[in-house]
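If you read the protein sequences in the order shown, they are chains A and B. Just so you know, we're using the numbering used here here: the first sequence kicks off at -3 and counts up by one. Just so you know, we're using the numbering used here here: the second sequence kicks off at -3 and counts up by one.
Watch out, some of these pointers could steer you wrong.
Identical chains blur together in the list; that is why a pair holds if it fits in one copy or across any two.
Below, a list of computed lysine to any residue pairs in the SDA-like style, where the Cα atoms sit at most 20 Å apart [as the list claims (entries may be wrong)]:
#1 229 / 266
#2 113 / 11
#3 113 / 132
#4 229 / 251
#5 94 / 128
#6 319 / 252
#7 94 / 145
#8 113 / 128
#9 319 / 15
#10 219 / 242
#11 219 / 263
#12 113 / 89
#13 113 / 124
#14 22 / 150
#15 37 / 7
#16 113 / 273
#17 305 / 29
#18 113 / 72
#19 268 / 248
#20 22 / 222
#21 94 / 185
#22 136 / 26
#23 113 / 125
#24 220 / 257
#25 189 / 309
#26 305 / 2
#27 268 / 299
#28 268 / 301
#29 113 / 129
#30 94 / 274
Everything labelled a hint here was simulated from the structure, so no lab data went into it.
Protein chains: 2
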Amino acid sequence: MCHTNDEMLEMFEATLRQMQTPEEPKLLYTPIIYSMSGGGKRLRPVLLLLANEAFGGEAADAMPAAMAVEVFHNFTLLHDDIMDNAAVRRGKPSVYAKWGGNVAILSGDAMLITAYKLLAGLGGERLARVINIFNDMALKVCEGQQYDMDFEQMERVSVEDYILMIEHKTSALLSGSAMIGATLAGASDEDIKKLYRFATELGLAFQLQDDMLDSYGDEALGKKIGGDILEGKQTYLMVQAMSRATEEQREVLRNTHLREDLADSEKISRVKALYDTLDVKHATEQQIELRFDRALTVLDSLSVEEARKLHLREFARNLMGRKK
Amino acid sequence: MCHTNDEMLEMFEATLRQMQTPEEPKLLYTPIIYSMSGGGKRLRPVLLLLANEAFGGEAADAMPAAMAVEVFHNFTLLHDDIMDNAAVRRGKPSVYAKWGGNVAILSGDAMLITAYKLLAGLGGERLARVINIFNDMALKVCEGQQYDMDFEQMERVSVEDYILMIEHKTSALLSGSAMIGATLAGASDEDIKKLYRFATELGLAFQLQDDMLDSYGDEALGKKIGGDILEGKQTYLMVQAMSRATEEQREVLRNTHLREDLADSEKISRVKALYDTLDVKHATEQQIELRFDRALTVLDSLSVEEARKLHLREFARNLMGRKK
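All chains, please: the whole structure from these sequences, using the hints.
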């Protein structure tokens, strides 16, 4: 009855391929097409469409909103890549690297406006509700990016503040997408609130797992280990370690990445040795399980029949790379 | 009966002073308050409110939209100042100069989203119509900025292309504001179209006059002469001069600003001497009069009583610095 994750992705990609922009000015619109056709997992539009269908919505009706959240997501990547000075995105040159900062700023702006143009295509009385959710989501994502940049300048970040940051930077776009999908299908306020909690917890589990894989991922699976450590990034492992460390250990945690006398592999193994000593991997795994369990529990409580929750559960598992 | 320009400005400033943003993250929201309280003529919100009142609207109802266009305008300034590497804005350090590019990008993004939040406050069935006008206006402004940057890299720009650029970069925000104001008051499609033409022509007259004052302004009035010439900017005078010049004269027009052997005053007088030879000042004055006349003629044809057009006419004259 309902579409699987793969079927939804396929329908979304088909719509995306039809996306058109004006021809001129070329330097404004070419980077938009480049960015949107650069792949990615399309997590947010797929979640929006699955949440919509779970409450009886038609994918075709929700497609403009699904496009809007994907365009918005790609807008954030254009601007984030300038701020993070990132030359590569999805294995290709970032817009910033390919065309320069000015083009990335302005094309990004045009993408944000384009997202609203897509939303406006929804029309009707649903528009006001959807735009309100979208605005709050979008502002939260900006706040998350600012917190993230603030943290890079801070010696020490509390575990609570770190969770708050990724709730803004990673979860908000997932929870907003789920809420918009459900809103378009006419779900109850209570169910919409549940979807918010589902996607928020899932986003946290996903980001914490991403943090963990940077230190404990499987290099055999092509995962490069230790990038966050070498950049001195704040991650869940780092903030947990800092909260458990002695003054002397903190010194090592915060300054190892700056030492010019150490090889990269040595820096990584020193920090990881401390993570092991402080039992940080275990604490992170526990937190991931806690968040993932909460997400699935909230999902169970949605007021729709079991068959309609199936593909949202599949989405959650796919996101975490789990079979069951 | 209707409010004067000064009264409207006063009402708008009073609303603006009440504007609130979240406290945190500080580096996201402080620049927004800094930018919004940095003065400026508030042309766009005042035009919106005047157009609204001309068709029987209440200023209080249109105030969220007036705030939205002013926030949008200030968003464009934040991002333009990065792209133009501009350190000063309204006699104070630009956000870009004060906090750096990353803050100017992200706070600008938050302002664009905030503009939509303000619009969403309008609610009701008007929302869809207003958002459509706003989206088209916003995208046109981005296109205008890109054309402007493209032109800086071009040897030669046609007069038509230059007019098209300023129609996007300068007129679109004025015409969009006027249309939104009238739409909120329930004006007919025909009157809204007329307001579009009024504000488009007025914006062109305003920008062309601005171009002219750079070369022929009154230094006694504190106007610094020749800034555009020294930057080698494309202006109406330059593109007109290029269209009338011999090959030899073109060489002088395009390369004088690059010559390191000439003093600034000498560069300016050489280019202005050619402007005089090619009768460019006169051509620009004619074009300004043509556009300004068209604007006032369209205004006369609005389907409201004369008393209701009074303050829009006052707006047009104020903008051009004219008594009558």
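Each hint tested on the structure:
1. 229 / 266: within (15 Å within a copy, 56 Å between copies)
2. 113 / 11: Answer is within: at 16 Å inside a copy they meet the 20 Å cutoff, but 28 Å across does not.
3. 113 / 132: both (17 Å within a copy, 8 Å between copies)
4. 229 / 251: within (11 Å within a copy, 48 Å between copies)
5. 94 / 128: neither (34 Å within a copy, 32 Å between copies)
6. 319 / 252: So residue 319 and residue 252 fail the 20 Å test inside a copy (37 Å) and across (69 Å) alike.
7. 94 / 145: between (23 Å within a copy, 17 Å between copies)
8. 113 / 128: This pair counts as both: shortest intra-copy Cα distance 14 Å, inter-copy 7 Å.
9. 319 / 15: Neither. Shortest intra-copy (33 Å) and inter-copy (50 Å) distances fail the 20 Å Cα cut-off.
10. 219 / 242: neither (31 Å within a copy, 63 Å between copies)
11. 219 / 263: Within one copy only: 18 Å inside, 59 Å across.
12. 113 / 89: neither (27 Å within a copy, 33 Å between copies)
13. 113 / 124: both (13 Å within a copy, 10 Å between copies)
14. 22 / 150: between (41 Å within a copy, 14 Å between copies)
15. 37 / 7: within (13 Å within a copy, 49 Å between copies)
16. 113 / 273: The answer is neither: 52 Å in one copy and 48 Å across copies each exceed 20 Å.
17. 305 / 29: neither (34 Å within a copy, 44 Å between copies)
18. 113 / 72: The answer is both: 17 Å in one copy and 18 Å across copies each meet 20 Å.
19. 268 / 248: So residue 268 and residue 248 pass the 20 Å test inside one copy only (11 Å; across, 65 Å).
20. 22 / 222: neither (39 Å within a copy, 31 Å between copies)
21. 94 / 185: neither (44 Å within a copy, 43 Å between copies)
22. 136 / 26: between (28 Å within a copy, 16 Å between copies)
23. 113 / 125: Classified as both: same-chain Cα gap 15 Å, cross-chain 12 Å, threshold 20 Å.
24. 220 / 257: Intra 22 Å, inter 55 Å, cutoff 20 Å: neither.
25. 189 / 309: within (17 Å within a copy, 51 Å between copies)
26. 305 / 2: within (16 Å within a copy, 59 Å between copies)
27. 268 / 299: neither (44 Å within a copy, 75 Å between copies)
28. 268 / 301: So residue 268 and residue 301 fail the 20 Å test inside a copy (46 Å) and across (78 Å) alike.
29. 113 / 129: both (15 Å within a copy, 10 Å between copies)
30. 94 / 274: neither (42 Å within a copy, 41 Å between copies)
In this structure, the earlier hints numbered 5, 6, 9, 10, 12, 16, 17, 20, 21, 24, 27, 28, 30 are contradicted, and the remaining ones agree with it.
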